[in-house]
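First residue of the sequence shown: 72, per the numbering used here; consecutive thereafter.
In short, the hints are calculated from the structure, not lab data.
Pairs of lysine to any residue, SDA-like flavour, derived with a Cα cap of 20 Å: (1) 85 x 131; (2) 85 x 118; (3) 201 x 109; (4) 201 x 167; (5) 85 x 188; (6) 85 x 233; (7) 80 x 130; (8) 186 x 156; (9) 80 x 124; (10) 227 x 106; (11) 123 x 106; (12) 85 x 234; (13) 201 x 169; (14) 80 x 134; (15) 85 x 132; (16) 186 x 176; (17) 85 x 155; (18) 186 x 155; (19) 201 x 170; (20) 85 x 123; (21) 85 x 191; (22) 85 x 184; (23) 186 x 159; (24) 85 x 236; (25) 80 x 131; (26) 80 x 127; (27) 80 x 128; (28) 201 x 111; (29) 80 x 136; (30) 227 x 108; (31) 85 x 187; (32) 123 x 133; (33) 85 x 120; (34) 186 x 219; (35) 80 x 126; (36) 201 x 93.
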Amino acid sequence: MSIVKTSEKRRDVKVVVLGDSGAGKTALLRRFIENLFDDENPSTIGIDFQHKTYILDDNTAVRLQIWDTAGQEKFRHLAPSYIREASVAVIVFDSTDANASESIRRWYHYVQTWKSCEIHVVLVASKCDKATKRTIPPEGLELMKFGGIYIETSAKTGDNIETVGFFVNND
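From just these sequences and the hints, can you work out the full model?
Structural data, given as structure tokens:
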């Protein structure tokens, strides 16, 4: 029999996940939430909501409210309303995409334009298991200079997926 401690302290953290269509946002979240990977994740239509709760060392329950936004141009008008109240913005880009720099700049600009409070930015390179095709843009290093976080991940292998969760929880 296992005993589950209930936490007396609780903190909700709103997380918005942004990035172009096909960047790997949904695959990354599926690995993070369910520890599953599927090569055939369908594109998100509109917005998808998921949550994950962690109990920290001080017995505080942190409930991540994760909003997975669609990356297609026709749904981008939905992103500002989710960015406004977010504590954390996770910008996901495909590390094999030669146009990743443009995508990162665009989504970072969205965050800076639409935020209504201080927001922590986590820049996540996805598909890093495809080592021979990777192109890592300089924005990762630039973001770190301004206090942001840059993480290279693979939903397929699970590499650094929990690292993303660690930084989101501690922001």
